[in-house]
Amino acid sequence: MRILHDYQGVPIRLTDERLAHILEHPEMAGLEGAIEETLTHPEKVVESFSDPQARLYYRFYVGTRVGDKYLCVVVKVLGEDAFVLTAYLTDRVKRGVRIWPKEE
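Counting from 15, one number per residue, gives the positions in the sequence shown under our numbering.
Read the hints as simulated data drawn from the structure, not as lab findings.
Heads up, some of the hints might be wrong.
Claimed, not checked - Computed list of lysine to any residue pairs in SDA-like fashion (alpha-carbon distance at most 20 Å, straight line):
#, residue 1, residue 2
1, 58, 106
2, 83, 95
3, 58, 73
4, 58, 40
5, 83, 65
Unchecked claim - Estimated spans, in silico, between C-beta atoms of each pair:
#, residue 1, residue 2, range
6, 29, 117, 31 to 39 Å
7, 79, 116, 29 to 37 Å
8, 25, 81, 18 to 26 Å
9, 21, 95, 12 to 20 Å
10, 55, 79, 31 to 39 Å
11, 94, 40, 32 to 40 Å
12, 75, 115, 16 to 24 Å
13, 77, 117, 12 to 20 Å
14, 40, 99, 17 to 25 Å
15, 76, 46, 14 to 22 Å
16, 115, 38, 29 to 37 Å
For every residue, glycine included, the Cβ atom is placed at its ideal position computed from N, Cα and C.
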């Protein structure tokens, strides 16, 4: 298990099981470092409309195995505990309550 920190210094757990789940998807191979970079230097962070305890951290990457995409790292926040649920590549940022940046 690794402890990563987000852009605000909040500790976030990334378990071996969750990392293995993420890396089961071939397009995610080699993006382990990008997961940490997305948490520490996100371009956008939104709170999920469907689950207010889920925060979605986004950062855009050029030239992934499937083209230019956003990496989305989904973090579940339960009180003082925060952990990575999953991470995936996507074409767009999902709608949600904007957490960061406060204004665009």
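Checked hints:
1. Between residue 58 and residue 106, the direct Cα distance comes to roughly 11 Å. Compliance with the 20 Å bound is thereby established for this hinted pair.
2. For the given pair, residue 83 sits about 29 Å from residue 95 by alpha-carbon distance, which is inconsistent with the 20 Å threshold.
3. With a C-alpha separation of about 7 Å, the suggested pair residue 58 and residue 73 falls inside the 20 Å cut-off, and the hint holds.
4. Using a Cα cut-off of 20 Å, the hinted pair residue 58 and residue 40 is violated, with the two alpha carbons roughly 25 Å apart.
5. For the given pair, residue 83 sits about 23 Å from residue 65 by alpha-carbon distance, which is inconsistent with the 20 Å threshold.
6. Taken as a hint, the range 31 to 39 Å holds for the pair residue 29 and residue 117, whose Cβ atoms sit roughly 34 Å apart.
7. About 33 Å separates the C-beta atoms of residue 79 and residue 116, a value consistent with the hinted range of 29 to 37 Å.
8. Here the CB-CB span from residue 25 to residue 81 is close to 33 Å, at odds with the stated 18 to 26 Å.
9. Between residue 21 and residue 95 the C-beta distance comes to about 18 Å, which sits within the given range of 12 to 20 Å.
10. Taking the beta carbon of each, residue 55 and residue 79 are about 21 Å apart, not inside 31 to 39 Å as hinted.
11. Between residue 94 and residue 40 the C-beta distance comes to about 35 Å, which sits within the given range of 32 to 40 Å.
12. Under the hint 16 to 24 Å, the C-beta atoms of residue 75 and residue 115, about 19 Å apart, fit the expected range.
13. Distance hint for residue 77 and residue 117: a CB-CB separation of about 30 Å, inconsistent with the stated range 12 to 20 Å.
14. At roughly 20 Å, the beta carbons of residue 40 and residue 99 sit within the given window of 17 to 25 Å.
15. Distance hint check for residue 76 and residue 46: the Cβ-Cβ separation is about 18 Å, which falls inside the suggested range of 14 to 22 Å.
16. For the pair residue 115 and residue 38, the supplied restraint of 29 to 37 Å holds, since their beta-carbon distance comes to about 32 Å.
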